[in-house]
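Residue numbers (the numbering used here), protein chains in the order written: chain A, -9 to 239; chain B, -9 to 239; chain C, -9 to 239; chain D, -9 to 239.
In case anyone wonders, no lab produced these hints; they're calculated from the structure.
Treat the hints loosely; a few may be bogus.
Just so you know, same-sequence chains aren't split out, so a pair can sit in one copy or run between any two.
Keeping only pairs whose Cα atoms sit at most 25 Å apart, straight-line, the calculated PhoX-like set for lysine-lysine is [unchecked claim]:
#1 Lys84 / Lys23
#2 Lys134 / Lys222
#3 Lys0 / Lys153
#4 Lys134 / Lys23
#5 Lys160 / Lys174
#6 Lys0 / Lys105
Quick caveat: nothing in here was measured; it's all calculated off a predicted structure.
Chain by chain, the residues run as shown.
Number of protein chains: 4
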Amino acid sequence: MKAGLLGFGKTGKAVASVLLQDKNICLEWVLRKSHKLEHRSVPEYLGIESDEPGLIYSIADISISTLLDIQPVDIVIDFASSEAIYNYGEECAKRKVKILSAISHYPDETIQFLKELSKSTVVFWAPNITLGINYLIIAAKYLKKIAPNIDIVIVEEHFKGKKEVSGTAKVIARELDIDEQEIKSIRAGGIIGRHEIICGFPYQTVRLVHESVSREAFGNGAIFVALNLANKEPGFYQFQEILLPYFSW
Amino acid sequence: MKAGLLGFGKTGKAVASVLLQDKNICLEWVLRKSHKLEHRSVPEYLGIESDEPGLIYSIADISISTLLDIQPVDIVIDFASSEAIYNYGEECAKRKVKILSAISHYPDETIQFLKELSKSTVVFWAPNITLGINYLIIAAKYLKKIAPNIDIVIVEEHFKGKKEVSGTAKVIARELDIDEQEIKSIRAGGIIGRHEIICGFPYQTVRLVHESVSREAFGNGAIFVALNLANKEPGFYQFQEILLPYFSW
Amino acid sequence: MKAGLLGFGKTGKAVASVLLQDKNICLEWVLRKSHKLEHRSVPEYLGIESDEPGLIYSIADISISTLLDIQPVDIVIDFASSEAIYNYGEECAKRKVKILSAISHYPDETIQFLKELSKSTVVFWAPNITLGINYLIIAAKYLKKIAPNIDIVIVEEHFKGKKEVSGTAKVIARELDIDEQEIKSIRAGGIIGRHEIICGFPYQTVRLVHESVSREAFGNGAIFVALNLANKEPGFYQFQEILLPYFSW
Amino acid sequence: MKAGLLGFGKTGKAVASVLLQDKNICLEWVLRKSHKLEHRSVPEYLGIESDEPGLIYSIADISISTLLDIQPVDIVIDFASSEAIYNYGEECAKRKVKILSAISHYPDETIQFLKELSKSTVVFWAPNITLGINYLIIAAKYLKKIAPNIDIVIVEEHFKGKKEVSGTAKVIARELDIDEQEIKSIRAGGIIGRHEIICGFPYQTVRLVHESVSREAFGNGAIFVALNLANKEPGFYQFQEILLPYFSW
């Protein structure tokens, strides 16, 4: 499976390094906003041994159309920004190139645009693309189904500088249909990211915990999704649709 | 649903108190080995306001057959001992009274006997009857299915006096098909009971944790199971068969 | 050391059971508001084998003065209410009977009254008398002294029904000089009590955690304090003054 | 305070980046075994804005004596290897340059050699130089002094690949005088490093936890120690002697 990556900030770099080391996916190119590192190769830049090209292009110097002509891919993985889709979306849809977006937030009209594109190609969007978080959400939903009266509280811990409430915690709250008041945000030191769903029963407590070790987790999530999208028909997909088939005996 | 309870030790008392307070199940009687508290009523003894009879009988003074004649029940809940089934099993099977056993360990031949009985009536057995533990086992199995390469370690914490490795931890290990070496047993002070399933991914960690608050959790588990057995056909059931229907969209 | 206990609610009973089982302290009597169980003995009532009298009196039927005449004690341990001190305080001070109060909150004027009494006898007060919590407070203060720039957040977890913010968490916040905003309160199911002090450094996190197993912890705290007060001069003492001598090489 | 750093592997680089960003310490140079990056400057290589020289030298091309002549320092910080001390130790001792070693293990004879050097200059050694771990050790020792009968268990979690038991856990066990059997080692996924000291009381549990976020924590520890060594007389120091003065009211 040939992939192109959009975005090459801290997360983009981590994702690229995981893609390069996975033998099921080949990183053809990276397309970024800045001119930095233009025309260098990701394997060389990151010091990873790999035969994959991973060439770095700047959006200012090449159009997505030309890029898809000279280095065609099966899927475009977007870690860039909430506006990026407007640059590459239609061209991908036209060519049936799959779209995998890991952008944490989109305005409503962009989500509408994604759904429009999904009439022609596979469009996947997850505001948090780690396997662990998406698993936890489904697992917690099932627990609530089994025991509808449990008290659920979400605790999210991040580094001191993180201003707003964790978007992931908000998604968990919405999926579990609990009030955002039940999200407790802890900001201390350099904590990378920790989400805990506390499920209180009268005489027992279940805790579902996710701890981030590093940004590379996004890369693994993207690969998991990409491989699961391989044989999908055009349409709009979210993480639950990818995971649910695994929740069966 | 009318229930009879076998066993009235610490756990039996806790279970009885939960049964008395649940309006879906009526505690008809308690049958115990000892003569202590004979002919008293559980609501009066435990100081719980309830109209349910909850009369205490001693196995030395009344046969299960007579007891089922004078105070018939739909289900017998067994928190007594691994031998108790031989006293009441056949009589229940004959009368199609359901059997719910929460005995933590049975010899193989007793399990065989349970299966024999299950030809005539509903027989359910769970070595750990808390909802939380059984939920965690299924949830962890699904996670292993999604991510077969994760490293799984089970940490179980109990009070200092507990000699052997937690039977529940062993069940978890067996269900997840991991080596018993991967169970880490912690014995310290008065910890009631804590089980943690650590699932290590390369760049993230998922922790599934169960903490016992008190023995009453067994009562809630028994009620959950009993209500789910209401319309079942004769057969041998375990907790997974009760929980799996909840794991569907 | 002979002790009298004030209060015989849930906590009072748990404390009494621990006192009876400790051979350094003899429980002479319990004085309570209600007439319930009057003239019975605590060992018999709780089913604990003990030679200690532990007689139960009602405050309506006997004055503290008469009680101290017929069954003198070295220390009075107060788990009753914030008003109780006005019934027994002066009589104890007159007789140099030590006072150990575990009342969680006193109005300012009552604290003033305690200090007045402490001119004549040893008066000790701790709003939370568990060893673990008081140790954690001092340990956290030292950590803040070592690393003044760490971010400190307090997470307290209790059963769903607990309305207000944990008084213990407020004491921790005050002692560490951090804003009460940094207390995160979690209410879920039947959690007995858990306090966590999260200390965030830029590249590491220290967590100091206290978990309550049962109310008996208050009894052990009371015994620890009582024994440490044995040779003290009259004066007003708090937990830090009892613990600090242990923090030395 | 002018410092020279020995070692420039993953940990050395992380330490260098923290030193560069601290205004109390100036990184004069880095001395390493390999020729890689020779004569480049650390600020430039790591992309950190700083006026500090931080020049990289190879031990093959310059003697420690020449280096101390041309770029004198107050302290040498050793993150290299257990043999490195034999290269620079005597020259530092002769010139009264302080020595701060963060080598995790030394053979007995090397410790003897360190003590020999400490007759002429300040020599500090810590097998784990993070502030958090060293604080936890002292805090746990005090808790054991307060409550000698508690049960202590050490749980250490690290990435799957780590073969042996955590050296830090062993140090904790030795300092608390508990059996190495009470260390439970968990190996799973990519866990950076987590140490938990579980202290079990009959009715409560205290948990002292240290979580590593990244290697930079070693840099902060080194700075803390270096500043605390500023006015010390020649002698052999360990972390406890640096921390103990903070444990006083």
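Here is how each hint holds up against the structure:
no., hint, in the structure
1, Lys84 / Lys23, "within (23 Å within a copy, 56 Å between copies)"
2, Lys134 / Lys222, "between (30 Å within a copy, 23 Å between copies)"
3, Lys0 / Lys153, "within (19 Å within a copy, 30 Å between copies)"
4, Lys134 / Lys23, "neither (43 Å within a copy, 39 Å between copies)"
5, Lys160 / Lys174, "both (11 Å within a copy, 17 Å between copies)"
6, Lys0 / Lys105, "neither (28 Å within a copy, 45 Å between copies)"
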